[in-house]
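J.: So the chains spell out like this:
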Amino acid sequence: MSVATPTGLRRPRLLAAGLLACALALLASIVASLVVGALPLTPGTVLRELVAQGDSEASLVVWEVRLPRTAIAICVGAALALAGVLMQALTRNPLADPGLLGVNAGAAAAVVVGILAGVTGQRGHLMLALLGAGVAAGLVTVVGGTRGPGTAEDGRLVLAGAAVGACLTGVVAGVTLLNQTAFDRYRFWAVGSLADQPLSALLTAAPALLAGLAVTVAVIRPLDVLRFGDDSGAALGVSPGHTRALALAATTLLCGGATAVAGPIGFLGLAVPHAARAICGPRLGWVVAYSSLLGPILLVTADVLGRLLARPGEIEVAIVMGAIGAPVFIALVRARRIPRP
Amino acid sequence: MITVPTSGPGRRALRRQTRRAALACLVALALSAGVAVAALASGRYATPLPELWPALTGGGSPGLRFVLFELRLPRIGTALVVGAALGAAGALFQSASRNPLGSPDIVGFTVGAATGALVVLLVLRDDRLTPAVGAVLGGAAVAGAALLLGGTGQRLILVGIGLSALLTSVNAYLLTRAEVTDAQNAAVWLVGSLNGSGHHLPLLLGALAVLLPPAVLVARGLRLVENGGDKALSLGVPVRRQRLTATALAVALTAVGVAGAGPVGFVALAAPHLARRLTRVAAPLVTTSAALGAALLLAADQLAQRLVPGQQLPVGAVTGVLGGGYLALVLAWTWRGRSW
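The listed protein sequences correspond, in order, to chains E and W. Add 232 to the 1-based position in the first sequence for the numbering used here, that's all there is to it. Add 56 to the 1-based position in the second sequence for the numbering used here, that's all there is to it.
Pulled out of the complex, with its shape left as it was, chain W reads as follows:
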């Protein structure tokens, strides 16, 4: 176990960090709750707020209860769980790779997951297998290859970009070999979507509950190592093993996200960035990132449902556009030396 500095400025700084992190967490949770209430109340079957509470507690019309319990709540729940898993995974990944851009997307997990799902949907065409299984296997394989070939730091990211470029063309190839309807269904899966989700919510929630506590602990250890630098190493803290554990947990959390909604991009990258902005702590914080990831994905899904009237965009298209734009802005600011 790592010892926390017991006196002096180190401890005070740490306590201040913790306080800010807790505050940011509360802000993110409030945000999620607000969006969730808005999502519950709106939709094609609009529900005035005063009718919401009675319906949720067992009153109201059966029709309204059906809409709330069968349609809206499962979708909102899945969005929150998937967003939290991706946010936490991103924070862990950035800690472990010591790179603010290390994320499951950038190292090729997302594209690999897409390839895995496509192989299940278009090549194997086996009903016993769900695309989620293929996606998790494919994503983990690519992330593993990127880690193996790239090590840590900038090189990992560049190797990931190379692998992504290769698999993108493989995915395009698989899509041309299928019927257009099959291909378009598969393409929706590739982008990441919450349409028709919610069947596996208890399973996803369970996985998140199992993975999140160790993730928080490992990240905390890593953060202390970063702060203490070589001292921690000389004290015999198993830094390497901790990084490995963190990466494995990050991959597992990403897998939860992918299983729930497909390879939704950029939540894992953006949530820790926002968390750092809010807390002004150098290393990304897992809990805050998870809370922000949940809020982000839920908001993006609401946006995706409303952006084009009469049609449902997959949420991944929205997070891709917003996340890519956000990343471009962050990069531009950082490279121009502004604080952000």
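Chain E extracted, bound-state conformation:
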């Protein structure tokens, strides 16, 4: 089904070329991520180690530290960006973002309560993060409502997210202040870092991320139709209720999975869809394609930046993202006319 839109005029070939350019940029950022760090390597060394794994220090750094880290950054970046696209399309709110909508706080609260209850291990934490993210997303949707007049205009869901988030953050504060072990783990989880995460963490989260991706792909078309309103969607045979439920489920899987691996990383889900729409217009298929590349580019670059800025130490990626993302968010809020998703 093809819907005539103003951006239908943009040449698909041009947009495809743009995607190729993004892929090249991603490749460049990956190279930078493998090269930059406490032990600087040349691209040649990295390539040699990748082709033939030796037993030098360089080999250890590449295979045990930088490759897993880069892989995690790519997957988390893509997942958060897609979650942002879905959330903004679902709520028709240009300011929707997993972090601002309380999903991170939900995951955090569940993980912290889990630590207190003695849940250990990656799998347990992942399940808890998913559960918490789901409950928070559901609560915010119930409070804010996705229908009715004014839903999209006034940042209603952001406010609902702030309220639910504050409530859950209170729970986190209570628990972590009563239990020093929980506090110590939480404070490192809460900065959203990609360092010291083994590849197995990503593998544990992979089913959730893949399921989220699959649902996202399936929901692109119906969501795109709903862009023109629930009535025209229903006329074209798309059920608004089912579509929203699926999109919400995909958002939860993607956010929960990403947050379980890398901790709460804000603003990425907000900024990437905006950048994508600026490039390719509002057609959801293209926005998804572009976001799935732009998200990893942004996160990998931010991670490299964090390593460069505080040599020989590093700044956690979520903090770099906050420093980049908050000004973007504020600029969006101040802009008189915000382009609707």
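There could be a bad hint or two in this list.
[Claimed, not checked] For the chain E half of the interface with chain W, some residues (derived, Cβ under 8 angstroms), not all of them: (1) 331; (2) 394; (3) 410; (4) 419.
Please keep in mind that the hints were generated in silico from the structure rather than gathered at the bench. Idealized CB from N, CA, C, for every residue including glycine.
Dock chain W against the given chain E, drawing on the hints supplied.
T.: Relative to the frame of chain E, chain W by itself:
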């Protein structure tokens, strides 16, 4: 000075509002007094009510007098003063920003105060500075930035949420760079707590006494402007300057609260809401909000002390959970078009 409508329905409505406000104030004061008596009488060293009065007036055992005058009374007093300051600040803020959600928390004051305190506690580590000073400076800086960037209305709140998100990650970063014991001590401060408070009660009380009367006056002026709308403006009432004064007073009152107990969240938001519910007056009333804020914080602190046996939760954790939940409920009701 603004002229009060001298005749007709305007005046009658105003008088009715004042009567309801006075009634609500009395209810809140009675509530505070009740909780205060309960707080005085209970605790690890339980005191039967009949023994309370003699001990307070100079009789009773020295042990009991110590518990009452050195431990319980200062804490109760601080809770009341801090709660009143935050309630009044919230009412002023909501009036000045013309937004029922405008509060020091939402525009980032609380998170900014936390950042300031963390910088003093973990970065500067200077004993001459207290975290309260850093908190007040940090909070005021962030609230100022939010006002500057956001103006008034919904935009102010969204800008505040953005700034809060940024500073939250900065705070998390500072906490990871410290020893776990230091970090946990700082974290207690971040949430807002009345544990071990009461040393500065006279100072706080003095600040509240200085700030509250002008706050009441300014808010009254603002309310009349809201009622009169453009007419007030055309009569030459300096609306802009009044809003600015109100905001400055609100920031100062929040600073009193933060200095007393750290950045306790949501009292400033919830107290004016409750005041409006009780009085059914559109604009939040400063005196009623202050009285309700005092009652709220005292009750929340009592709850925090008893919730987990053997350990003391910081009061901010309780107000965060209750306040966030309350705000979510209010938002849901409002958006579904129910009156509340």
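J.: Evaluate each hint against the coordinates.
T.: These are the hints, each one checked on the structure:
1. 331: 6 angstroms, holds
2. 394: Holds - the Cβ of residue 394(E) comes within 8 angstroms of chain W, reaching about 6 angstroms at its closest.
3. 410: 6 angstroms, holds
4. 419: 5 angstroms, holds
When each numbered hint is compared with the structure, no violation occurs for any of them.
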